[in-house]
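Engineer: Residue strings, one per chain:
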Amino acid sequence: MLLRHTSKEIVERKSLTVNPAKTCQPIGAMYASLGIHGCLPHSHGSQGCYAYHRSTLTRHYKEPVMAATSSFTEGASVFGGQANLLQAMDNIFTIYNPDVIAVHTTCLSETIGDDVPQIFGKAKTDGKIPEGKYVLHANTPSYVGTHVTGFANMTKAMVDYFAKQNGHKENRINIIPGWVEPSDMKEIKRIAGELGIDFIMFPDTDNVLNSPQTGKFEMYPKGGVTIDELISTGSSSGTVALGELASGPAARALDSKCKVPCKVLDLPIGIKATDRFVDTLRKMAGVNVPESINIERGQLIDIVTDMQAYFYHKKVALVGDPDQLIALTEFLVSIDMMPIHILTGTKDKKFEKKILSLTEEMPHDVNVKSGGDMYLFHQWVKNEPVDLLIGNTYVKYIARDEDIPFIRYGFPILDRIGHSYFPMVCYRGAMRFLEKILDALMNRIDRDSSEIEFDLVM
Amino acid sequence: MTNIPILKERKKQIYHKGEGVFDLTCDTKSLAGSVSQRACVFCGSRVVLYPIADALHLIHGPIGCASYTWDIRGALSSGPELHRMSFSTDLRERDIIFGGEKKLYASLVQLIDTYRPNAAFVYCTCIIGIIGDDVDSVCKRVTEEKGIPVLPVHSEGFKGTKKDGYKAACESLSMLVGTGSVEDIGKYAINIMGEFNIAGEAWTIKEYYENMGIEVVAVFTGDGRVENIKRSHGASLNVVQCSGSILRLAQIMEEKYGIPYIRVSYFGIEDMSKALYDVAAHFKDNLGIMKKTKEIVRNEIDAIYPDLLRYKKALSGKKAAIYVGGAFKAFSMIKALRSLGIDVVLAGSQTGNKDDYAVLRDMCDEGTVILDDANPLELSKYCIEKGADLFVGGVKERPIAYKLGIAFCDHNHERKISLAGYSGMINLAKEVYSSVTSPVWKFAPAKDSFL
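Sequence order for the protein chains is A and B.
Take the first sequence: its position 228, counted from the start at 1, is 228 in my numbering, and no numbers get skipped.
Take the second sequence: its position 55, counted from the start at 1, is 1055 in my numbering, and no numbers get skipped.
FYI, nobody ran anything at the bench for these hints, they're computed from the structure.
None of the values given here were measured: they were computed from a predicted structure.
Glycine included, C-beta positions come from ideal geometry on N, C-alpha and C.
Treat the hints with care, as some may be off.
Some residues of chain B that are not near chain A, with every Cβ distance over 12 Å (derived) [unchecked claim]: (1) Glu-1009; (2) Gly-1020; (3) Val-1021; (4) Ser-1086; (5) Thr-1089; (6) Gly-1186; (7) Glu-1227; (8) Asn-1228; (9) Lys-1294; (10) Glu-1295; (11) Gly-1317; (12) Lys-1318; (13) Val-1395; (14) Asn-1427.
Reference listing, derived: stretches of chain B covered by chain A, where coverage requires no fewer than 3 residues with Cβ under 8 Å from a Cβ of chain A [said to hold, decoys possible]: (15) 1032-1039; (16) 1350-1357.
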């Protein structure tokens, strides 16, 4: 009864978050930055911020996570952080020799009013940015948005700083994958490869945060989008952005800056969303869908067909980030499950409306909230129990207290491996999702059935 | 990669034993732009106070600081678990403009009414120091209205290093100490300080003392309770481990209540036994305590010695790198590893001071690298140069060691097994043995120069 403190009675809280279902912008910016090849993320704030982000990302990926900090002191907080950032850039290029430094701000540097572009200008004038090296920045005050918008802001900064038109359009697609795992990015690239499309993905953390054991410590692993590729995004023929919140701003920035038309889709989680993704790629690139992809889709449908009885009207509670939850809700409804509690910590105007429309036909009422916390989520579950919980590692407390099967999905996952290697997107990812759902539900049937009912064949 | 450049300013924070004059620079802020393994003032305060299980811990600031510290430390409680919840005022942009005092007040009142904690700690994060909320007066007001101590913790992240966070936590604790009744506390009573009950370690240590015939008034702060802290000034000795984190409180208690303190460590047979003997020696007028202590030490060592010898045989000649938060921990680890036949080739800490490093230098063999506030490049460079087989460190060091193909032992918040006391020594040996002799290293590519 770890969460014995959760009461059933729901009282409105205006000024207080209990057990957050979100964290702050800078960590999202750091994760996005790691998707640039040879990039050292830099936190412009006190030392603790980046230590926490590095620790959290390390716990989630079990990988070294490199980043630097401006190490604010009282002096910097009074007189501004310009001197710190200038010294930092100098030290970083001298010692750690990255291709690019991606600076994100924090509540501290934003409140004291540091102007990063102006500091970059000074660094350029002073010759602190060596030839052939790059810097970029995103404003990510912790008191605005959440980790998701931090990711979106840094992804958009990649466009703002680098994308360039070269006078003509190449037959090439930009893919902005959204905040998904390195494994998901790899899977999205594989699908694009199967379709035979020339593409640039950004950011791309594949082979950065799921890198192999090599006997070497590599500060900059092999993966990540290169600056040359980021520059070329401006001359691609189109952009497919996955996830409105995480990828929409970058896609639209590319459109207005370089006139690269974009389609903003849901994350390709589940059958329908993957269909839309594949179809969009097909149309945009003018290619045919190969048989290999049809087979994968067919296999996915085959699993749903075989196991439909186990999915039927099972109640699910979901907590996570808006882009994920929207696609996941659609997926669950499409296999006849009933997502009845859906909560995100990120405030997003369109979220609640979208979820309500996706669940409109479902024969059950839905609790939906954007900007909520895990405490409220737990209260919902207490008031109406479910058959399955889906969320990040913190949901394990609720799963234990309420004795409900639980699938880890989202950020952060601090107590299991797999997410960095095995995708949950596109058709094969959906198959893995179904395997996880069935494992959870069927293990529970096995556990709870009497000896007489205990069944060999299921 | 072994040829990585070392920043000029950093050179003063690295020392090769046997080379040149020893004058290690430490106790400084990290350089801007460094990939330091350190954290901030808030982190220091948070880890010290976190294990007090029946207190409310409210983090005043934007959400991040609360999210990243939600139940990340395995500090076990035998009863209440309020400390494992995450409470934040979750300041937004308009609060930054108009101030967060109202939100703080409303949050405190609602939380205290709901959870009825025995005390509340309000952690100030970076932003509070900038927008100038008067947290002290809000705390004072709520203390008066609700009748429980509501204590501000001035832990704004930029106001120093993690060590300053320890100090801020100690100052908040000192406001609690001395407010409870000491009536039924006996003559042979101590406080265990700087023991956070990771994996139940405080319970092991407490049991040793109780078996010696010594009363433990309060543990700071493992499995901590507000009531015990309030009456802790009734103890006649403060036994301080992990000196960095709680020494300030021991000093305050010495000044205010005349309670002497001794510094101990519970890691490794040698230091563990010395701790018990030192405490027994303090109570000179009770020979029974020393007699029982000798018995306990003998029995405990007898129980683990045969196993320990087996591990020693298997591990003899292996080399270890140690990089820990406080230097005091490094001393014990060096001794503990030596008792397993393992030589330490790299020793460093995030927050050691001049005296600590002098001790470290004296303890280490010729050629050992001593580092203050190291970065991952330096750590990997010296691990490879020195041929380390084992790395002892925390969360951020683990994957670096593994990528290098080096065994790892977690000596930080995330360890799941108790490493303190005599049973802890065997656990340490087991953990080190299992990692160093893991078959996976046969599959791992050979360690050679990288880049």
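Engineer: Each hint: holds or not?
Structural biologist: Right, here's what the structure says about each hint:
1. At roughly 8 Å, the least C-beta separation between B/Glu-1009 and chain A is not larger than 12 Å, which violates its mark as non-interface.
2. No Cβ of chain A approaches the Cβ of B/Gly-1020 within 12 Å, the least distance being about 22 Å, so the stated non-interface status holds.
3. Chain A leaves B/Val-1021 outside its interface by the beta-carbon criterion, the shortest separation being 25 Å against a cut-off of 12 Å.
4. Against the 12 Å criterion, B/Ser-1086 falls within the reach of chain A, whose nearest CB is about 5 Å from its own CB.
5. Taking the minimum C-beta to C-beta distance to chain A, about 7 Å, the non-interface status of B/Thr-1089 is violated against the 12 Å cut.
6. With a closest Cβ-Cβ approach of about 34 Å to chain A, B/Gly-1186 is found to remain outside the 12 Å limit, as its non-interface label requires.
7. Consistency note on B/Glu-1227: stated as away from chain A, and its beta-carbon is indeed over 12 Å from all of that chain's, at 20 Å minimum.
8. The non-interface label for B/Asn-1228 is consistent with chain A: the shortest C-beta to C-beta separation is roughly 22 Å, beyond 12 Å.
9. Interface exclusion of B/Lys-1294 from chain A stands, the closest Cβ pair being 41 Å apart, more than 12 Å.
10. For B/Glu-1295, the shortest C-beta to C-beta distance to chain A comes to about 39 Å, beyond the 12 Å cut-off, and the non-interface label holds.
11. Here B/Gly-1317 stays apart from chain A, with its beta-carbon at least about 21 Å from theirs, past the 12 Å limit.
12. In this structure B/Lys-1318 is separated from chain A by more than 12 Å, as the shortest Cβ-Cβ distance comes to about 18 Å.
13. Not every C-beta of chain A lies more than 12 Å from that of B/Val-1395, the closest at about 5 Å, which undercuts listing it as non-interface.
14. B/Asn-1427, annotated as away from the interface, keeps every beta carbon of chain A farther than 12 Å; the closest lies near 21 Å.
15. With 8 residues having a Cβ less than 8 Å from any Cβ of chain A, the stretch 1032-1039 of chain B passes the three-residue criterion, so the hint holds.
16. Figure legend: the stretch 1350-1357 of chain B, annotated as covered by chain A; annotation inconsistent (0 residues with Cβ-Cβ distances under 8 Å, at least 3 required).
When held up to the earlier numbered hints, the structure conflicts with 1, 4, 5, 13 and 16 and fits the remainder.
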